[in-house]
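Using the sequences and the accompanying hints, generate a full structural model.
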Amino acid sequence: MALAVFWFILIAVLWTGFFVLEGFDLGVGMLHAVLVRDEPGRRAVINTIGPLWDGNEVWLITAAAAMFAAFPAWYATLLSGLYLAVVLLLVGLIIRGVSFEFRGKIDSVRWRRTWDVLLTAGSLIVPLVIGIALGDLLHGVPIGSDQEFAGNFADLFTGYGVFTGITLVVLCVLHGATFIALKTTGGVRRRAGLLARRAAPVAGLVVLAFVTWTHSTAGRGILINLAELAAVVAVFAAAWLIATGHEGWAFAATTLAMATTVVSIFVELYPRVMVSSTNSAFDLTVHNTASGDYALKVMTVVAIVLLPVVLAYQSWTYHVFRLRLTAEHFQGPEGPGGSGASVAPQPEA
Amino acid sequence: MSQLDLARLQFAMTSIYHFLFVPVTIGLSFLTALLQTAWHRTDRPEFLRLTRFFGTLLVINIAVGVVTGLVQEFQFGMDWSGYSRTVGDVFGAPLAMEGLGAFFLESTFLGLWLFGWDKLPKRVHLGTIWAVAVGGALSAAFIMAANSWMQHPVGYTINSSTGRPQLNDVWALFTNPVFLRGYLHVLLASLVTGAMVMLAVSAWQLRKGADTEVFRLSARLSLVVLVPALLFAMLVGSELGVTEGKYQPMKIAGAEAQWETCQPCSFSVFQVGGGNNDQTPTKIIAIPHLLSLLATNHWNGQVLGLNAVQSQYQQRYGPGEYVPDIFIQYWSMRVMAYLATVALLVGLWGLWLLRRKRLAESPWFLRVAVWAVVLPFLINTAGWLLTENGRQPWIVQGIQLTRNGVSPSVSTTTVAISILVFFLLYAALAVVAAVLMTRYARKDAAEAPSDDQPVPAVTY
Chain E
73 MALAVFWFIL IAVLWTGFFV LEGFDLGVGM LHAVLVRDEP GRRAVINTIG PLWDGNEVWL
133 ITAAAAMFAA FPAWYATLLS GLYLAVVLLL VGLIIRGVSF EFRGKIDSVR WRRTWDVLLT
193 AGSLIVPLVI GIALGDLLHG VPIGSDQEFA GNFADLFTGY GVFTGITLVV LCVLHGATFI
253 ALKTTGGVRR RAGLLARRAA PVAGLVVLAF VTWTHSTAGR GILINLAELA AVVAVFAAAW
313 LIATGHEGWA FAATTLAMAT TVVSIFVELY PRVMVSSTNS AFDLTVHNTA SGDYALKVMT
373 VVAIVLLPVV LAYQSWTYHV FRLRLTAEHF QGPEGPGGSG ASVAPQPEA
Chain G
18 MSQLDLARLQ FAMTSIYHFL FVPVTIGLSF LTALLQTAWH RTDRPEFLRL TRFFGTLLVI
78 NIAVGVVTGL VQEFQFGMDW SGYSRTVGDV FGAPLAMEGL GAFFLESTFL GLWLFGWDKL
138 PKRVHLGTIW AVAVGGALSA AFIMAANSWM QHPVGYTINS STGRPQLNDV WALFTNPVFL
198 RGYLHVLLAS LVTGAMVMLA VSAWQLRKGA DTEVFRLSAR LSLVVLVPAL LFAMLVGSEL
258 GVTEGKYQPM KIAGAEAQWE TCQPCSFSVF QVGGGNNDQT PTKIIAIPHL LSLLATNHWN
318 GQVLGLNAVQ SQYQQRYGPG EYVPDIFIQY WSMRVMAYLA TVALLVGLWG LWLLRRKRLA
378 ESPWFLRVAV WAVVLPFLIN TAGWLLTENG RQPWIVQGIQ LTRNGVSPSV STTTVAISIL
438 VFFLLYAALA VVAAVLMTRY ARKDAAEAPS DDQPVPAVTY
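Listed in order, the protein sequences are those of chains E and G. Mapping of the first sequence onto this note's numbering: residues 73 to 421, in sequence order. Mapping of the second sequence onto this note's numbering: residues 18 to 477, in sequence order.
By construction, these hints were calculated from the structure, which means they are not laboratory data. Some clues are possibly wrong.
[Claimed, not checked] According to the in silico footprint, chain G covers these stretches of chain E (three or more CB under 8 Å from chain G): (1) 135-141; (2) 162-176; (3) 227-238; (4) 280-290; (5) 337-351; (6) 387-398.
Idealized CB from N, CA, C, for every residue including glycine.
What follows is the structure in structure tokens.
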């Protein structure tokens, strides 16, 4: 059964990786039109995540596939139980995913505005719905003795679940604003920094409320867990670092805040994977949902071999695209092959 | 319609749609990689322009392919939780491996390729498009291994306490004869699809008379890939038919609407009537021995009739209806085979013109080649209908019936809402993707980067 525990940890790592990486590009998606009004600026903002978002999103795909493979009953109960929420999530992912590619393909203001709206909406829906789902894991939804979901759509909107969604949205906004400030120059950078400065204290209060609620929901005594403590410290540290103009360190702090916030849910959840609000005897656990030992062994080998390779080339991507972008480089006609759209990034300030 | 019908309709709709984009993606990524390799080797600017031109068509397809693939992954849990719960131990493994071993590769290197033009050394940049192509092909390998397991389950034991299949030999999933042939067949079909798209776009541009020296090159490449790939795809496809016939005799008997066991068996070119309630359709032009040959690889091979397999299955699995929809089975097989033949004729015609150096000057061929772009999509769809409909009523052959795979906790209304949502969204995506593809494919190549300019970064 040790392998099942390993896979629970790995799935927690995959979800955390998803929010740490896609978290900032979701934030960028939500902010790109709010933060910047002019077209070159918007393009600069979108292009900060251009080469990265697709690879980041695979963390979600892999997290879901890993749940399917390692804990089939968890995957089955969660997705069938949250059916309509998952439809909403997929709609968000679809409109967001294609908006990157479609937005610049036709040179028309109305066309771009449409995709701006869809990119913003999609980027908001995704962390909100996944947040509600993650919150529901811990808070509990009606699950019967047959491990099947026994409630209806309204049961998904638990107070804690919705607040988890809001917390993750707020963290994505802060993470995204910090990222834009780190990756751009000039006016865009200033505006992003200002927004991050204003958002950080709000995020700090939200995270504080969230970890308090998480801890009381789990009901394991007064001893606060380290992840929860770290989340609160990190988010306030981020606020201070942004205010003092340390963009790189601020981004590291929002990364840590995001990671520890997600981790705290999984820490409180273990050894359960999905709590039943009907009867704690019906809880889905690491043990009663795991695949057989052989399947887990095979996948463990695959994960141990491949995950470092994936991390290596994804890190390399971040290294290749490490330079800042500036709005002035997006003045010309756009789109692939569009002449004059050449990007000559500035050296890091 | 029941929840089961709607869940099946939803799966059929989303799979068919997803698989319109996947083969183009796989095929065009290899062809684009070849074009960029040609540029790398020869330094001719025409190849660079073609690389970027077809690369843009490629990424439009990837965008839609990726987002619709998400729906496929989540649907197993949403609509088919009975299935996921039962077989996740075996079926989940290749899916998780796809994420870790293929999808990360394809997505990450696509970003590097798109945005790395002026940031990576030329050789490394060439490597990134090959990584995208390999990632796409690997992704298909894991999906085909999972699908082949549903056609012919191997490498598992039934757990005596849960009654569910458990993986006990992962290697068996990847040496499954249905997988080996099925995967090769899909890869070749993808090359055919990519090549026919490239041929159609090149033909359009040649007809317009713009940049003939550029699009002559891509027309040549597409034809040189198309014809051999199509021939091999047909060969492997007929081998796959024999393999499937061995493990799923219903599938092959259904493809001929053959109710009685025969030996030798003839293949009908056409039939009038047929269907599950009409056991004596009127066969038109029966070619002797051909079905024996296709189904068994022997001139006089015996093919079990639907009635014989039905009574065998009833003995083994208990009473029930084990015959799939014969109308779909019979016609999807023929649509696939006949249209593939048409595609082959187009390809041979093109090769003949190419040899006589008259390709760009043959308006009739160019016109036909543009319209021929619909062929691979119809062929691919028919191929999947043949293979997936032929598995019914099983969701996993011999292990679980489709009706036992649906989610018990999901209501009919819920599935209906989601079908409506995805139908509208997919329709909108289809329109936008089609508009963008045709707009871009018709674009003057003069708008492509000219030689004196440094290669600009592709940006959003």
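Each hint, compared with the structure:
1. 135-141: holds (count 5)
2. 162-176: holds (count 12)
3. 227-238: Violated: only 0 residues of the region 227-238 of chain E have a Cβ under 8 Å from chain G.
4. 280-290: Check failed, 0 qualifying residues.
5. 337-351: violated (count 0)
6. 387-398: Contact hint for the region 387-398 of chain E vs chain G: holds, 3 residues under 8 Å.
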